[in-house]
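So the chains spell out like this:
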Amino acid sequence: MFRIDFNKLRFLVCDDNPHMRRILRTLLHSFGAREVYEAEDGATALEMYTHYVPDIVITDWSMPIFDGLELAQMIRQPESKGNPYAPIIMLTGHSEKRRVTVARDAGVTEFLAKPISAKGLYQRILNVVASPRPFIKTKTYFGPDRRRNTNNAYIGPERRVGGEVEVLQQPSLLDKARSSI
Amino acid sequence: MAKEKPADIKVKTFATHKVITQPNPLRKVLRRVDERDFDDPVARAEEALAGLSGEFKSWMLIEADRLSAAHTTMIKKGLSNETADELFRAAHDIKGDAATFGYPSAAAAAESLCRIIEHAPDLEKVPAELIKHHINAIQAIVHNHTRLDSTKLASELSRKLRGVADEYLMHVNRDRPEHLEAIMAPSIVPGE
Chain A
158 MFRIDFNKLR FLVCDDNPHM RRILRTLLHS FGAREVYEAE DGATALEMYT HYVPDIVITD
218 WSMPIFDGLE LAQMIRQPES KGNPYAPIIM LTGHSEKRRV TVARDAGVTE FLAKPISAKG
278 LYQRILNVVA SPRPFIKTKT YFGPDRRRNT NNAYIGPERR VGGEVEVLQQ PSLLDKARSS
338 I
Chain U
145 MAKEKPADIK VKTFATHKVI TQPNPLRKVL RRVDERDFDD PVARAEEALA GLSGEFKSWM
205 LIEADRLSAA HTTMIKKGLS NETADELFRA AHDIKGDAAT FGYPSAAAAA ESLCRIIEHA
265 PDLEKVPAEL IKHHINAIQA IVHNHTRLDS TKLASELSRK LRGVADEYLM HVNRDRPEHL
325 EAIMAPSIVP GE
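Note that the protein sequences, when read in sequence, are chains A and U. Just add 157 to the spot in the first sequence (first one is 1) and you have the numbering used here. Just add 144 to the spot in the second sequence (first one is 1) and you have the numbering used here.
Here chain A stands alone, though its shape is the one from the complex (with noise of 0.2 Å):
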């Protein structure tokens, strides 16, 4: 069984809402992390990323300046001086599945739809953490794969070409992890 070691990973939360970042703040330390910062919009919340260097990042999708997708995006720069690798978990009351849709395409790497709780925002902790996609660059995207699955029934014409199968297996810690929820 595995637990996740919250005192050794920094967080960057970012909410508008300062009630939302107050219950984030307190699941966070709950879990055990030591090291989070908060940011209430997308511009101060890039700034943060690039000064902390957060390994995980939640954020709100409705904020004003710029938004978390922005955020998701600006972040998801290959060629930028920060990470462009860290998991980014969208937490937001968008509830409807062509949003998912969206904040994937964006880059994210997780999306959590409120009402939050304590469950599954660890879950999706536990997903970046034990078991990171490979990234995908194309003409049109940078971020982590959006294929979470193999569909060895799919007949449609692939978007993709050059025989991917053969980088997507990664070992996965995920399964023996999620024992422990």
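Just so you know, the hints here were simulated from the structure itself, not pulled from any lab data. Do not rely on the hints blindly, as some may be mistaken.
Covered stretches of chain A (chain U as the covering partner; in silico rule of three or more C-beta atoms under 8 Å from a C-beta of chain U) [claimed, not checked]:
(1) 165-175
(2) 180-192
(3) 195-209
(4) 263-272
(5) 292-306
Using 20 Å as the maximum straight-line C-alpha spacing, the simulated EDC-like pairs for lysine to aspartate or glutamate come out as follows [what the hints assert, rightly or not]:
(6) A:254 x U:230
(7) U:221 x U:273
(8) A:165 x A:192
(9) A:276 x U:181
(10) U:162 x A:262
(11) U:156 x A:236
(12) A:254 x U:262
(13) A:276 x U:183
(14) A:254 x U:322
(15) A:294 x U:273
(16) U:220 x U:183
(17) U:269 x U:230
(18) U:154 x A:302
(19) U:269 x U:311
(20) U:276 x U:310
(21) U:172 x A:236
(22) A:165 x U:184
(23) U:162 x A:236
(24) U:172 x A:192
(25) A:238 x A:227
(26) U:162 x A:302
(27) A:294 x A:236
(28) A:276 x U:191
(29) U:276 x U:209
(30) A:254 x U:310
(31) A:165 x A:195
(32) A:276 x U:190
(33) A:294 x A:262
(34) U:154 x A:195
(35) A:165 x U:183
Sample of chain A residues at the chain U side, in silico, Cβ under 8 Å [as the list claims (entries may be wrong)]:
(36) 158
(37) 159
(38) 161
(39) 219
(40) 255
Where is the CB? At the ideal position from N, CA and C, for every residue including glycine.
Chain A is already provided as a structure; the job is to place chain U on it using the hints.
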């Protein structure tokens, strides 16, 4: 963790894309524990959240007042992107937060209001009463929350508001299939 050197990154180039892999930089934070380890971080966090619950009522009042203020500003200053955005943001925050604060019916009414703002083709043509009823309902749900008979009534109120709002949205979007599809799509969040 964050101060450590970045792990080796390997890039495989294909015809249409590159696949970039690196040893899991966060693997070191996973710790094997004994099966008999009774530490439960989720239970600990739920307990801490329960410890905050004494503040939820006042937080909810602040959120509901912010929504009413945004509505008042929209009436006074007129409809603009700015006033509509603030109304949407206030409703959207309640939609996301209220269930956590113990007000799921307020969240449902706020979601209905968000859908009106998001999917009405012309917000200026939305009957003023429809928006006002949503805001009044949220205020009523929040202020009468502690009454023993309020839970069922609040749930019924938000359900009826959603029915009226959906009927309106279906009608005004009858020639906008992309909006109709979004309106009719099920939520990814389980209902109350």
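Evaluated hints:
A count of 5 residues in the segment 165-175 of chain A with a Cβ less than 8 Å from any Cβ of chain U is obtained; the coverage claim is therefore met, three being the minimum. Counting residues of the segment 180-192 of chain A whose beta carbon lies closer than 8 Å to any beta carbon of chain U gives 7, which reaches the threshold of three, so the coverage claim holds. Residue count for the segment 195-209 of chain A with a Cβ under 8 Å from a Cβ of chain U: 1. That is fewer than the three needed, and the coverage hint is violated. Only residues whose beta carbon comes within less than 8 Å of a beta carbon in chain U count, and the segment 263-272 of chain A has 3; three or more means the coverage holds.
A stretch counts as covered by a chain when three or more of its residues have a beta carbon under 8 Å from one of that chain; for the segment 292-306 of chain A and chain U the count is 5, and the coverage holds. For the hint linking residue 254 of chain A to residue 230 of chain U, the alpha-carbon distance of about 24 Å lies beyond 20 Å, and the restraint is violated. For the proposed pair residue 221 of chain U and residue 273 of chain U, the alpha carbon gap of about 18 Å is at most 20 Å, so the pair holds. Among the hinted pairs, residue 165 of chain A with residue 192 of chain A is consistent with the structure: their alpha-carbon atoms are about 8 Å apart, no more than 20 Å.
About 18 Å separates the Cα atoms of residue 276 of chain A and residue 181 of chain U, which keeps this hinted pair within 20 Å; it holds. About 16 Å separates the Cα atoms of residue 162 of chain U and residue 262 of chain A, which keeps this hinted pair within 20 Å; it holds. Distance hint between residue 156 of chain U and residue 236 of chain A is fulfilled; the C-alpha atoms sit about 17 Å from each other, no more than 20 Å. Proposed proximity of residue 254 of chain A and residue 262 of chain U is supported: the alpha carbons are some 15 Å apart, at most 20 Å.
Pair hint residue 276 of chain A plus residue 183 of chain U holds up; C-alpha atoms about 14 Å apart against a cutoff of 20 Å. At roughly 13 Å between alpha-carbon atoms, residue 254 of chain A and residue 322 of chain U fall within 20 Å of each other, so this suggested pair holds. For the proposed pair residue 294 of chain A and residue 273 of chain U, the alpha carbon gap of about 49 Å is over 20 Å, so the pair is violated. Annotation: proposed proximity of residue 220 of chain U to residue 183 of chain U is violated, straight-line Cα distance about 55 Å (limit 20 Å).
Taking the CA atoms of residue 269 of chain U and residue 230 of chain U, the gap is about 18 Å. The hint holds against a cut of 20 Å. The hinted pair formed by residue 154 of chain U and residue 302 of chain A meets the criterion: a straight-line CA distance of about 15 Å does not exceed 20 Å. Restraint check for residue 269 of chain U and residue 311 of chain U: the C-alpha separation of about 15 Å stays at or below 20 Å, so the hint holds. Straight-line distance between C-alpha atoms of residue 276 of chain U and residue 310 of chain U comes to about 16 Å, which keeps the hinted pair within the 20 Å bound.
A threshold of 20 Å between alpha carbons decides the hint, and for residue 172 of chain U with residue 236 of chain A the separation of about 26 Å lies outside it, so the pair is violated. In summary, the hint linking residue 165 of chain A to residue 184 of chain U is supported, as the alpha carbons are separated by about 18 Å, within the 20 Å threshold. Between residue 162 of chain U and residue 236 of chain A the CA atoms are separated by roughly 14 Å; this keeps the pair inside 20 Å, and the hint holds. With a CA separation close to 17 Å, the supplied pair residue 172 of chain U and residue 192 of chain A stays within the 20 Å bound.
A hinted pair counts as satisfied when its Cα atoms are at most 20 Å apart, and residue 238 of chain A with residue 227 of chain A qualifies at roughly 17 Å. Restraint check for residue 162 of chain U and residue 302 of chain A: satisfied, since their Cα atoms lie roughly 11 Å apart, inside the 20 Å limit. Simply put, residue 294 of chain A and residue 236 of chain A have alpha-carbon atoms about 12 Å apart, close enough for the 20 Å limit, and the pair holds. For the hint pairing residue 276 of chain A with residue 191 of chain U, the CA-to-CA distance comes to about 12 Å; that is within 20 Å, so the pair holds.
Under the criterion of a C-alpha separation no larger than 20 Å, the hint pairing residue 276 of chain U with residue 209 of chain U is consistent with the structure, at around 13 Å. This hinted pair checks out: residue 254 of chain A and residue 310 of chain U have alpha carbons roughly 18 Å apart, not beyond 20 Å. Among the hinted pairs, residue 165 of chain A with residue 195 of chain A is consistent with the structure: their alpha-carbon atoms are about 17 Å apart, no more than 20 Å. Taking the CA atoms of residue 276 of chain A and residue 190 of chain U, the gap is near 8 Å; set against the 20 Å cutoff, the hint holds.
About 12 Å separates the Cα atoms of residue 294 of chain A and residue 262 of chain A, which keeps this hinted pair within 20 Å; it holds. A C-alpha spacing of about 32 Å is found between residue 154 of chain U and residue 195 of chain A, which places the hinted pair above 20 Å, so the restraint is violated. For the hint linking residue 165 of chain A to residue 183 of chain U, the alpha-carbon distance of about 17 Å falls within 20 Å, and the restraint holds. With a least beta-carbon distance of about 5 Å to chain U, the hint placing residue 158 of chain A at the interface is held under the 8 Å criterion.
Because the beta carbon of residue 159 of chain A sits about 5 Å from the nearest beta carbon in chain U, less than 8 Å, this interface hint is met. About 6 Å separates the beta-carbon of residue 161 of chain A from the nearest beta-carbon of chain U, less than 8 Å, and the hint is met. Below 8 Å, beta-carbon pairs count as interface contacts, and residue 219 of chain A has one with chain U at about 6 Å; its hint therefore holds. Because the smallest distance between the Cβ of residue 255 of chain A and any Cβ of chain U comes to about 6 Å, under 8 Å, the interface hint for this residue holds.
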